[in-house]
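Heads up: the protein sequence lines correspond to chains A and B, in order.
Note that my numbering has the first sequence beginning at 1, numbered continuously upward.
Note that my numbering has the second sequence beginning at 1, numbered continuously upward.
By construction, these hints were calculated from the structure, which means they are not laboratory data.
Accuracy of the hints is not assured; some may be wrong.
Calculated cross-link-like contacts (lysine-lysine; reagent style DSBU-like; alpha-carbon spacing at most 30 angstroms) [to be verified]:
1. A/Lys-194 x B/Lys-42
2. A/Lys-220 x B/Lys-110
3. A/Lys-226 x A/Lys-409
4. B/Lys-7 x A/Lys-190
5. A/Lys-194 x B/Lys-110
These numbers were taken from a predicted model, which means no experiment stands behind them.
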Amino acid sequence: MYEHLETAQSPENLKRVVIEPVSRVEGHGKVTLLLDDNNHVKQARLHIVEFRGFERFIQGRPYWELPVLVQRLCGICPVSHHLAAAKAIDQLVGIDPENLPPTADKMRRLQHFGQVLQSHALHFFHLASPDLLFGFSSDIAKRNIIAVLGEFTEIGLQGVKLRKFGQEVIRMVSGKRIHGSSSIGGGVNKSLTKEERDYLLADVDQMIAWAEDSVALIAKVHCSNKPYHDEFATIKSSYMGLVGKDGSLELYHGGLRLKNAEGNTLFDHIDYCKYNDYIHEEVRSWSYMKFPYFLSLGQQDGWYRVGPLARINVCDYISTPKAEVARQQLMAITDEKMVHSTLAYHWARLIEILHCAEAIKDLLHDPDIMGTDLVATGVKRYEGVGVIEAPRGTLFHHYQVDDNGIVTKANLIVSTTSNNHAMNESVRQVAATYLDGLEITEPLLNHLEVAIRAYDPCLSCATHALGKMPMEVELVNAQGQVINQVFKSTSQGDIEKTL
Amino acid sequence: MKQMQVKPILILVYGNLSRGDDALAPLLLEQVQNLPETLLEKIECLTDFQLQIEHALDLQNRELVLFADASVANQQPVEFSQLNPAYDNSYTTHAMNPAAVMQVYQDTLKAVPPPCFLLTLQGVEFELGAGLSVIAEQSLSQATEFVTQLLKSPILEVWQEHCSA
Ligand code: NI
Numbered sequence: 001m002y003e004h005l006e007t008a009q010s011p012e013n014l015k016r017v018v019i020e021p022v023s024r025v026e027g028h029g030k031v032t033l034l035l036d037d038n039n040h041v042k043q044a045r046l047h048i049v050e051f052r053g054f055e056r057f058i059q060g061r062p063y064w065e066l067p068v069l070v071q072r073l074c075g076i077c078p079v080s081h082h083l084a085a086a087k088a089i090d091q092l093v094g095i096d097p098e099n100l101p102p103t104a105d106k107m108r109r110l111q112h113f114g115q116v117l118q119s120h121a122l123h124f125f126h127l128a129s130p131d132l133l134f135g136f137s138s139d140i141a142k143r144n145i146i147a148v149l150g151e152f153t154e155i156g157l158q159g160v161k162l163r164k165f166g167q168e169v170i171r172m173v174s175g176k177r178i179h180g181s182s183s184i185g186g187g188v189n190k191s192l193t194k195e196e197r198d199y200l201l202a203d204v205d206q207m208i209a210w211a212e213d214s215v216a217l218i219a220k221v222h223c224s225n226k227p228y229h230d231e232f233a234t235i236k237s238s239y240m241g242l243v244g245k246d247g248s249l250e251l252y253h254g255g256l257r258l259k260n261a262e263g264n265t266l267f268d269h270i271d272y273c274k275y276n277d278y279i280h281e282e283v284r285s286w287s288y289m290k291f292p293y294f295l296s297l298g299q300q301d302g303w304y305r306v307g308p309l310a311r312i313n314v315c316d317y318i319s320t321p322k323a324e325v326a327r328q329q330l331m332a333i334t335d336e337k338m339v340h341s342t343l344a345y346h347w348a349r350l351i352e353i354l355h356c357a358e359a360i361k362d363l364l365h366d367p368d369i370m371g372t373d374l375v376a377t378g379v380k381r382y383e384g385v386g387v388i389e390a391p392r393g394t395l396f397h398h399y400q401v402d403d404n405g406i407v408t409k410a411n412l413i414v415s416t417t418s419n420n421h422a423m424n425e426s427v428r429q430v431a432a433t434y435l436d437g438l439e440i441t442e443p444l445l446n447h448l449e450v451a452i453r454a455y456d457p458c459l460s461c462a463t464h465a466l467g468k469m470p471m472e473v474e475l476v477n478a479q480g481q482v483i484n485q486v487f488k489s490t491s492q493g494d495i496e497k498t499l
Numbered sequence: 001m002k003q004m005q006v007k008p009i010l011i012l013v014y015g016n017l018s019r020g021d022d023a024l025a026p027l028l029l030e031q032v033q034n035l036p037e038t039l040l041e042k043i044e045c046l047t048d049f050q051l052q053i054e055h056a057l058d059l060q061n062r063e064l065v066l067f068a069d070a071s072v073a074n075q076q077p078v079e080f081s082q083l084n085p086a087y088d089n090s091y092t093t094h095a096m097n098p099a100a101v102m103q104v105y106q107d108t109l110k111a112v113p114p115p116c117f118l119l120t121l122q123g124v125e126f127e128l129g130a131g132l133s134v135i136a137e138q139s140l141s142q143a144t145e146f147v148t149q150l151l152k153s154p155i156l157e158v159w160q161e162h163c164s165a
């Protein structure tokens, strides 16, 4: 039955989507629902059409081109790929993380904090806050950021300026706003000038203050309808993320920790270079995107969630004081050891914005950030693994090179792939709870979107395809016939129905 | 954020150099930057993968703004139009339309954005790692010629006369 769906749904055959004159590179996501004769949901699946073209794109290139090339894998997360690749390339030139010059290490961290801040700011203020601020039944226009900007003037402007600040941090580190290639094997190619540092310092206290305000806002939103926010799309899962040696929240470098749903630590301080010994990627016939899981726990139980909520759940504390207070406040919303609320991803994201703003300030006051020792050299190796906590979760880059430095093998596990199973679970939960009839209404479609959007999937990262619609829902009856199909055009937000 | 001295005309292009015809607008910008200095005195050039909310701040204190992008919907190699601020419901995506950036400007800065124009270049292939298609190469050369003409007369009324619709 499902093969029929895959065939019928190949994106090339969906010609009726309105395409704006301005085409964009985005991924393609699709939800399929199966109902029985009484319209009960029997199956709900999220398909993200994964195109593994990036390995092919990278193989055959000299490794020193990678810091620039990998940025073009995804227009949404160029800096994440740049930094993960840089860490892998460090190993190819014989430099382990602890041997990176302090200035290089701190410049990369600064850039990373800048990009996590700007990514989260965009997600919350632009993509997600309309859902949270207006509830899910408001009309479509209201869920738009523009409505937020109109009715919550200060929040809208703060979102734009937080985002801009993060971009400026990236620009100061790299010399260019987005395409700058600051990291090279074994280090970075520049440090901050005093002018650049002072330029960023002038605004950083304001950013911290706004980040604090937004944490207070999300806490208020969550607690204003707590049972709903606790339960919407919520699943009990394991969580994975990098932690520092002392168990602190770590975005740039650390060991992998896995905690189960009860909060017990199953794996700790795993050397990520050995990720292949622990994590496997399962292929399922109905999905193009793989399903990573911990090998020793098996395919049934070994899946996990990554990203902001996972990081907050697995860490013991956050090293910056204001974010640590915010972390404790979030962890206190439940009597359990872990916060499983899927919508709490938003809350966790804002805590990380606060942490990034605080950490940026600390780094700007660190004299190493203006240091002159930028690159370390070592003995060439043939294999390198780089792992960071990207805004959306753990990101793996793994390369092998030949004698000439040409990449012979590349493997990437992007954050969105790690959340594949979890997003499917959340979609099933929402479909079972909210779908009650054959007619697919816009609010239903939006419920599924709200669940998926909580994870902030980067469909562009996961798919590398030119998608022309971000969301599609299909109903199939017990005989396998498509009885209703709804999709939304990327640029118009219109709902179109067929059949 | 400190307001730096800005040039009166902004050319803001977006696209990805490693995605086939999506490279059209950044490649156009490279061509523009090779034009004689005299044409570029008042021009600031910016490039990005995608448009986002913070680009609203780049529109500040401009007299004219030119956006450029590749497009699969073009009927012609090059199409040119003036934009109005517009609500954009593409909230599930991470990329905005230029008209929505103008709307963000209007809503956050409480001011009317500067006159903004959109130049689209016809593209057909967007595969990762692909080069320009034959169609795209044609649009690129026409677009370079077109933008050269625009920059010779950076005047609102003249640009409006160039609009295809
Ligand atoms: Ni991405």
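Checklist entry - Under the criterion that the straight-line Cα-Cα distance not exceed 30 angstroms, is the pair B/Lys-7, A/Lys-190 satisfied? => result holds (27 angstroms)
Item to check | Holds or violated: A/Lys-194 to B/Lys-110, with C-alpha atoms at most 30 angstroms apart | outcome: Cα-Cα ~34 angstroms, so violated.
Checklist entry - Given the hinted pair A/Lys-194 and B/Lys-42, is their alpha-carbon gap at most 30 angstroms? => result Roughly 29 angstroms separates the two Cα atoms, so the pair holds.
Checklist entry - Is it true that the CA of A/Lys-220 sits at most 30 angstroms from the CA of B/Lys-110? => result holds (27 angstroms)
Checklist entry - Taking 30 angstroms as the top limit, are the C-alpha atoms of A/Lys-226 and A/Lys-409 close enough? => result violated (48 angstroms)
In terms of the numbered hints stated before, the structure departs from hints 3 and 5, listed from lowest to highest.
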